[in-house]
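Protein chains in written order, with the numbering used here: chain A, 13 to 96; chain B, 8 to 417.
Keep in mind the hints are simulated off the structure, nothing from the lab.
It is possible that some hints are incorrect.
[Unchecked claim] Derived pair list, reagent style DSSO-like, types lysine-lysine, alpha-carbon separation capped at 27 angstroms:
id	chain 1	residue 1	chain 2	residue 2
1	B	K128	A	K23
2	B	K128	A	K69
3	A	K23	A	K69
[What the hints assert, rightly or not] Listed below are several chain B residues computed to face chain A (Cβ distance under 8 angstroms; list not exhaustive):
id	residue
4	G135
5	A136
6	G138
7	A139
8	Y140
[Unchecked claim] Away from chain B, derived, C-beta distances all over 10 angstroms, residues of chain A:
id	residue
9	Q16
10	S18
11	D21
12	I42
13	Q79
Built from N, CA and C at the ideal position, the CB exists for glycine as well.
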Amino acid sequence: MSTQFSLTDLKSIMRRCTGADDAQDLDGDILNVRFRDLGYDSLAVLEIASNIQRAYKIAFPDEAIEQILTPADVLSFTNIAQAA
Amino acid sequence: MMGRPTVITGVGVAAPTGVGAEAHWANLLDSKSGITRISRFDASGYHVQLAGEVHDFDASDHIPRRLVAETDHMTHLAFAATQEALDGAQLNSAEHSDLELSVVTANSSAGAAFGQRELEKLYSEGPGAVGAYMSIAWFYAATTGQLSIRHGLRGPCGVIATEQAGGLDALGHSRRALDKGARAVVVGGSDAALTPYGVVAQYANGNLTSCTDPGRAYLPFDRAASGYVAGEGGAMVIVEDTASATGRGAPILGELAGYAATFDPHPRTGRPSTLRRAAQLALDDAQLGADQIDVVFADGYGTSAMDTVEVETIAALFGRRAVPVTVPKTATGRLYAGGAALDVVTALLCMRDGLIPPSINITDPAFDDQLDLVIGAPRDAPVRTALVLARGYGGFNSAVVLRRPDSLHQ
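The whole structure should be built from the sequences, with the hints applied where relevant.
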């Protein structure tokens, strides 16, 4: 678990777990763009977080889902959880 | 008419007989059946081997892939039918206040395919594997909710769960939405429960046929009636206040002239079905006598007991062989909440073209002395008015009266 979880890894999960997206462009610099503005509602964020936790066998704290607003927040929570 | 004059301005279909109202209509007139062996899963070990499946349907042709992944097949089918209905009605939801537009859908089996897939993940991979969209994709209200979000329909909305009468009850409910201030209502029904779990759940009522011959399986009003074949899909229509529809120059396909619903007494009481009362109340609502009805789209349940009740109802109301009767469901199977909604669309097309579509596959009518059943080929007839009947398991009866647009105000 030494490899850092990257934005590329996150984009891959975003595409996979919500269906190959043909409406939203994830190719640009979306690190600090709000999920809401990318077309991902709160359930979509829950789905993404759930997939990351299963794939990397980590656990986010309960309050994480409410605090995740951008991809940068996901990277932050993931890296903290991986370090724990 | 007890309430305000109400018209239908657009229709959309996603059914075993075709995706698109005109495709469905052409196949009905050609007596082409959508009933086949179940292809979605290996049904060889099941009591039921046949179904009306919607073939050649790719949800991503109609909605973004993200939405495909987040919603069930029943909702995909409703998305397709709704877009067709909105286009036909020339109703661009973005041009109206979202609080003036509503959606009412009927549903009976909920999101069977989505639910089964997520439960399989639960049992095989554990609770963490269940997707977040399970929380909203598989329940009855999912289609109304998703249509509301996608098309900006935030006026008075509703969800109807009255088994196979739902398609008509949704139409009745749409008039309430108009009374509460909506100017147009997206209304209809869809069901899609052709998965192992969904099919087994349908066994419970004991009325599905186990016949394996697609041409002999669903034969309402025939001496060989053995139950019904289930199908998937449905139809959506746009219902509007007449003044509002004519004001914006919308195409008028027909008037929703009357509606009524009744509920049967418990069988233990020995009291008779109230189907006749539902039909009479719908006629009263339309201010029409039975002799002014040009065709009856029968429920055609397909069991001897249920068929007998319907024949007695029609004969008592109209007289013996006094009105043409048809069951286009014979080409699709029974689509649950989608079935009666589809019958309404078919009845509108029947009035438009002056052609009564045949009940297919019926060769030995059991009630020939009482019922003028249209079989074999379409029948030419001027059709100004139609009565659509629907029944749901457990005692639901509903009736809708439709009137051809040029018959309005006569």
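Agreement of hint A136 (chain B) with chain A interface, Cβ distance less than 8 angstroms: This interface hint holds because 7 angstroms falls under the 8 angstroms limit.
Hint status (Cβ of A139 (chain B) to nearest Cβ of chain A, threshold 8 angstroms): holds (4 angstroms)
Pair hint outcome, K23 (chain A) versus K69 (chain A) [Cα-Cα no greater than 27 angstroms]: holds (18 angstroms)
Hint consistency between K128 (chain B) and K69 (chain A) [alpha-carbon to alpha-carbon, up to 27 angstroms]: holds (17 angstroms)
Interface restraint verdict for G135 (chain B) against chain A (beta-carbon cut-off 8 angstroms): holds (5 angstroms)
Hint status (Cβ of Y140 (chain B) to nearest Cβ of chain A, threshold 8 angstroms): Holds, about 6 angstroms.
I42 (chain A) remote from chain B - nearest C-beta pair above 10 angstroms: holds (15 angstroms)
Outside-interface status for Q79 (chain A) - nearest CB in chain B farther than 10 angstroms: holds (17 angstroms)
Exclusion check [Q16 (chain A) not at the chain B interface, CB over 10 angstroms]: Nearest chain B Cβ is 23 angstroms from Q16 (chain A), so the label holds.
Status of the stated non-contact between S18 (chain A) and chain B (beta carbon gap over 10 angstroms): holds (23 angstroms)
K128 (chain B) paired with K23 (chain A) [C-alpha distance capped at 27 angstroms]: holds (23 angstroms)
Chain A contact restraint for G138 (chain B) - C-beta distance below 8 angstroms: holds (6 angstroms)
Figure legend: structure checked against the earlier numbered hints; every hint is met.
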